[in-house]
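Fit chain to chain and form the complex, with the hints in mind.
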Amino acid sequence: MKNDKPKTVLESLNLALHYAMADDESVLLIGEDILDPYGGAFKVTRGLSTTYPDRVLTSPISEAGITGIAGGMALRGLKPVVEIMFGDFISLITDQLINHLAKFRYMYNEQVRVPVVIRTPMGGRRGYGPTHSQTLEKHFLGLPGLRTLAPFHLLGKDSLGAPGKLLYDAILGSEDPVLFIENKLQYLLPLLTRDALLDYAVEKVSKTYNLSTPFYKLSIRSAPPAKVTMMAYGYMAHLAFQAQHQLAYEKEIFTELLIPTQLAPFELSPLFDSLRRTGRILAIEEGAGALGWGAEVLSQAAEVLGTELKQAERLCAEGHAVPAARQLEEASLPSLTDILNAVQKMV
Amino acid sequence: MDITAEYYAKMYLIRCFEETLMAEFKRGIFHGTTHSYLGQEADAVGVIGQLHESDIVVSNHRCHGHFLAYGGDPFKLFAELMGKTMGVCGGRGGSQHIHWQNFYSNGIQGGIVPLTTGMALAEKRKGSGAVAVVFIGDGTLGEGVVYETFNLAALWGAPILYVLENNQIAQTTPIGLVLAGGICARFEAFSIPAVRIDSSDVMEIASLAGDLLARIRVELKPRALVIDTARFGPHSKSDDTRSGEEIAALQDKRDPLSIHASRLDESERKAIEAEIQTKIAESFQAALDAE
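From first to last, the protein sequence lines stand for chains V and D. With the numbering used here, letter number 336 in the first sequence gets 336, and the count goes up by one each step, no holes. When you read off a place in the second sequence, starting at 1, and then add 1000, the result is the number in the numbering used here.
Chain D with its partners taken away, still in its complex shape (with noise of 0.2 Å):
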C-alpha cells in the first residue's frame, strides 16, 4: 500500500472505531465514557506516520485516534473499552489511560507535558535517538505546569514535539471565552519555535510534521506543530451545545477523509473502506466475545 493509501486507511479505521463506539455506547454495550476523535484523523495520522519505532507518543483524554494511528489493535481497544482484560490495560485503564509499547495516555490535562518531557528527555540521555511527541488540546493551555514545562523543555533541550490540536472548543466552552493572547506566542516567550497550519488535510500535516520532527532529531530541543482542525462530535458521548447546522458545516468544509479521498482511485477507496469496516467488525465481535 502507498503512503496515500496507507493514510486513507489509518484515518478510516480511526473513523469507523469512533463511529461504531458511539452507536454501541447508546445501545449500552459500553460502560463509562468516551472523547470522540471524529474529525481530527488527519492530526494523528500525520504526525504519527511519520515517527520511528522507538520514539514515543503521549495522549490525553482523547485518545483513541491517536492509539490506532501508532498501530494500536482496535480489538484490544475495544475490549479494554468492555473491561475486559484482553483490553490493553486488562480493563483497569478504560478509554483514557492505555499503555501500549511506546504510547502511553493519561486523562489529566496538562499533567502530560511534563511526563512526556521527561521521557523525552531520558532518551536524550540514554542517546536512544528516540523523540517524544505530545499531543494536547485548545483547552490544555489553561493549565500552569504546561508553561513550567515549556520553560524546562527549552532550558534542557527536550527532543520532543508539543502537538496543539486546536479544535477550538474545549468541552462546550469556545476557545473564545477562555484564551487570551496568541497560541504560538506561548511557545515563542520560551524560545520553542512554533508552527502553525490551518487544515484537516493528511499529507501537509504529515509533510510539516516530517519536517519538524527531522529537525528535533539533529537540533535535540523542543519544537511545537499547532493545528487548526475540528471536532465532529461531542467532547464525550452526548455533550455538544453546538446546533447541527454548524457541525454539518464543519463536515462539510473539513472532513479530512473526503479531503484525501480525492486522491484515490475509487475502486482503490471502496476496497480499503470494505476491509476495514470488515476488521473494526470482527474486532468488534472478538472484544465482544473475549473473557
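The following block holds chain V by itself, in its conformation from the complex (with noise of 0.2 Å):
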C-alpha cells in the first residue's frame, strides 16, 4: 500500500479501496478486468488483487449478474464494492438497482440493510462515441432508497483526499446502496492543495448545515460579494472552478460556487442561503438535461426562493447522443467557455 499522499483523484480512489479491504475484511470488489496487472480499465483498482487475491473477483461481462450477487453477499453482512466499467453500462443493472437493492430495506420493513457501492465512470470528452461517452446518472437520481455519490477533487484534510474518503466513508459507513460517480477527465485531475487554492475561500458547509456528506462552497478570496451562484459536480464542477477564477480576475465577476458530493437525496440547503444572496443560478451538468439534474435544481430554487429568484439559468449536454467525432463531441458536451458565456450573460 502506498503512504505517500495521493496526488490524482485516481490515486485517491484506489487508495480508499486499499484502506477500505484492509480495515474490513467483508469488503469485496467485484467487476470486469480488475486484476492486476491490468487494474481495471481505467486503473482504479490496481495493486488490490495483488494484495487481497481472494477478495478481488474478475467477473464476466455480466453486469447485471454481478450486481445482483453484490446484493445478496450485502444482505448477508458482507460489503461488496461492484466496478461497472464504463457509465454506460448501468443500463444493464438497471433491474438490480430499482426492484432489487434500493427496495428491500424499506419493503421489508427496516429490517435489512444493503451496504453495496456501484462504482463507474461517466463522461465524454475522450472520443468514445455514443454508448461510451454519456453522463447517464440522471436516470437514477431521485430513485428511493438510492444514494449517489459524486467526489470533488480536493486534497482536503483526511490522507486519502476527499475523492478517496468519500468513498471509503460510502463503503465501511453506508448503509443504503450507492452509485458512485466517477469521471473519466476527473480520474487525472490532481487533487487540490492549499498552494492551488490560494485565490479562494474553500468552506466546507456541510458540517453548518448538518449534511450526511460533503458539500463545499468556493469563492474568491476577499471579493466583493458574488453576483451569480454556479452549482456543478463531478468534472464540471472542474469546469466551473477554472471558470471562477476566470471571471473574477479577467472580467469582475464574482461567484459562489457549490459543489455537493451527494446528488441524491438532495440536501439543498446551501444552495438556498447562497441564492438568498446573489438572487441568480447557473446549474451546470455534463448530461442531457431536459427532466434531469438541473431542471431538479433549478425547480426547487424556484420553490423555496420565490421572488427572491431572479434568474435561473442551466448548461448541459445537447439533446442528442455524444457524437464521436472530436468537433462534434466538443460542440455538444458543456465547455468552460460555455460557462464564462453563460454567466456574463446573466450579469
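Bear in mind the hints are in silico, worked out from the structure with no lab data behind them. A quick note: this is a predicted structure, and the numbers were derived from the prediction, not measured. Just so it is clear, CB atoms sit at the ideal spot from N, CA and C, and this is done for glycine as well. Please note that the accuracy of each hint is not assured.
Unchecked claim - Far from chain D, by Cβ distances over 10 Å, these chain V residues were calculated: (1) Thr51; (2) Met73; (3) Leu78; (4) Gln96; (5) Pro130; (6) Leu197; (7) Ser206; (8) Ala226; (9) Lys251; (10) Asp273; (11) Leu305; (12) Leu309; (13) Arg314; (14) Met346.
To be verified - Simulated coverage check for chain D against chain V, where a stretch passes if three residues somewhere in it have a Cβ under 8 Å from a Cβ of chain V: (15) 1120-1130; (16) 1138-1151.
So, in C-alpha cells, the structure goes:
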C-alpha cells in the first residue's frame, strides 16, 4: 500500500479501496478486468488483486448478474464494491438497482440493510462515441433507497484525499446502496492543494448545515459579494472552478460555486442560502438536461426562493447522443467557454 | 408428529391458507393481488423440509407456500396481506415481498437468482455452513440474468440449490409457446448438475431434495432440481384461461394432498385437518382484529 499522499483523483480512489479492504475483511471487489496487472480499464483497482487475491473477483461481462450477487452478499453481511467499467453500462443493472437493491430496506420494513457500492465512470471528451461517453446518472437520481455520490477533486484534510474519503465512507459507512459516479477526465485531475487554492476561499459547509455528506462552497478570496451562484459536480465542478477564477480576475464578475458530493437524496440548503445572497443560479451538468439534475435544482430553487430568485439558467449536453468526432463532441458538451459566456450573460 | 404427518400438516396448512385467501378476496377483505400456490404444495414442503435453521430460502411472486413451509406464521401473512402493521413487513411488502428470518421473496422475475446466489456465496465466505435455495418457475427461464448467474454460480462455486417448479404455464401462456430447448440442458450448459422429477408426491420430492442438499453441503457447488408440477389455481386471482375440465383433470391426478393422504390413518388425518382449519380460522380472525 502506498504511504504517500495521493496526488490525483485516481490515486485517491485507489488508496481508498486499499484502506477499505485493509480495514474490513468483509469488503470485496467485483468487476470486469479488475485484476492486476491490468487493474481495471481506468486503473482504479490497481494493486488490489495482488494484495487481496481472494477478495477481488474478476467477472464475466455480466453487469446485472454481479450487481444482483453483490446485493445478496450485502444482505448477508458482506460489503461488496462493484465496478461497472463504463457508466454507460449502468443501463444493464437498472432492474437490480431499482427493483432489488434500492427496494429491500423499505419493503422489508427496515429489517435489512444493503451496503453495496457501485462505482462507475461517466463522461465524454475522449472520443469514445455514443455508447461510451454518456452521463447517465440522472436516470437514477431520486430513486428511493439509493444514494448517488460524486467526488470533488480536493486534497482536503484526510490522508486519502476528499474523493477517497468519500468512497471509503460509502464502502464502510453507508447502510444503503450507493451509486458512486466518477468521471473519466476527473481521474487524472490533480487534487487541489492549499497552494492551488490560494486565490479561493473554500468552505466545507456540510457541517454548518448538518448534511450527511461533504458539500463545498467556493468563492474568490477577499472578493466583493457574488452576483451569481454556480452549482456543479464531478468534472463539471472542475470547469466551473476554472471559470470562477477567470471570471473574477479577467471580468471582475464574482460568483459562489457550490459543489455537492451527494447528488441524491438532494441536500440543497446551502444552495438556497447562497441564492438569498446572489439571486441568480447557473446549474451546470454534463448529462442531457431535459428532466434531469439541473432541471430539478432550478425547480427546487424556484420553489424555495420564490420571487427572491431573479434568474435561473442551466448548461447541459445537447439533446442528442454524444457524437464520436472530436469537433462534434466538443460542440455537444458544456465547456469552460460555455460557462464563462453563460455567467457573463447573467450579470 | 412423525415426518409423514408433519408434511401432510404443512401442505394442508398451505392449502387452507390459499383457499381462504381466494375466498376472502372475493369478499373484498384483501386489497391488491395474490398468486395462488394451490397444487404445488409438495414442492415447498418437500424441499424446505430438508433445510437447516441457518439455511436461506428465497422465493418469488408465488411465495405464500414457501413462507408457510419455512415456518412463517399464517397470522403474520394474513396481516401482511391485509396491510396491517402486525404483518410480516408491516404491510409495506404485501403478497410478493416478504422477509422473515432467513426467508426472502421478491416479485420480479429472474432477479432473485443472482440475489440468492450472492447470499450463498456470502455464507460460503463466512464459513457458516449455510446453503441457499431459490424457487423459480418455468416462466423465469425467459430472463437473461438467470443465465449470467448460472455461469457465475458455477465459476465461483455457490452452495445453492436452484429449484425450478415447472407448472408448465407462465401466467396464461403454456410452456410450449415460450420455451425452446431443454430445461435441464440450460443448467448443464454451465456444468450445474440438474435432476428432473415429474411428481406431486411430497415424499419423493423430499427424498430427492435431501440428497441434493446433502451433496451441496459437501461440494459447495450449485445444483438444480426441476420439479414438473401442476398449478390448480389461476396465475393471480381470476385470470385462468384453462378449461374447467383441464384443471379438474390436474386436480384428479396431481393433488399432492390426495397422493400423500393414503399414508396416514384416516383418524389421524382428520385430526390434523381439524387442527389446521382451526388455526387458519383463528389466524385470519386475529389478523382482521389486528392493528
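*Verify the coverage statement for the stretch 1138-1151 of chain D against chain V, using a C-beta to C-beta distance below 8 Å and requiring 3 or more qualifying residues.*
The restraint on the stretch 1138-1151 of chain D holds, since 5 of its residues have a Cβ under 8 Å from chain V and three suffice.
_So alanine 226 (chain V) supposedly isn't at the interface. Is its beta-carbon more than 10 Å from every beta-carbon in chain D?_
holds (45 Å)
*Minimum Cβ-Cβ distance from leucine 309 (chain V) to chain D exceeds 10 Å*: Non-interface label on leucine 309 (chain V) holds, nearest chain D Cβ at 37 Å vs cutoff 10 Å.
*Any Cβ of chain D at or closer than 10 Å to methionine 346 (chain V), or is the non-interface label fine?*
Given a closest Cβ separation of 46 Å, the condition holds.
*Beyond 10 Å from chain D, beta-carbon-wise, is leucine 305 (chain V)?*
Fine: 35 Å to the nearest Cβ keeps leucine 305 (chain V) off the interface.
*Quick check: the stretch 1120-1130 of chain D, covered by chain V? Criterion 3+ residues, Cβ under 8 Å.*
The restraint on the stretch 1120-1130 of chain D holds, since 6 of its residues have a Cβ under 8 Å from chain V and three suffice.
*Does the no-contact call for arginine 314 (chain V) survive, Cβ to all of chain D over 10 Å?*
holds (35 Å)
_Exclusion check [threonine 51 (chain V) not at the chain D interface, CB over 10 Å]_ = holds (17 Å)
*Compute the least Cβ-Cβ separation between proline 130 (chain V) and chain D, then decide whether it is above 10 Å.*
Per Cβ check, proline 130 (chain V) is outside 10 Å of chain D; nearest 23 Å; holds.
*For aspartate 273 (chain V), which was marked as not at the interface, is the minimum beta-carbon distance to chain D over 10 Å?*
holds (36 Å)
*leucine 78 (chain V) non-interfacial with respect to chain D [C-beta, more than 10 Å]*: violated (5 Å)
*Hey, does glutamine 96 (chain V) actually stay past 10 Å from chain D on C-beta?*
violated (6 Å)
Consistency with the previously given hints fails for numbers 2, 3 and 4, ordered from lowest to highest.
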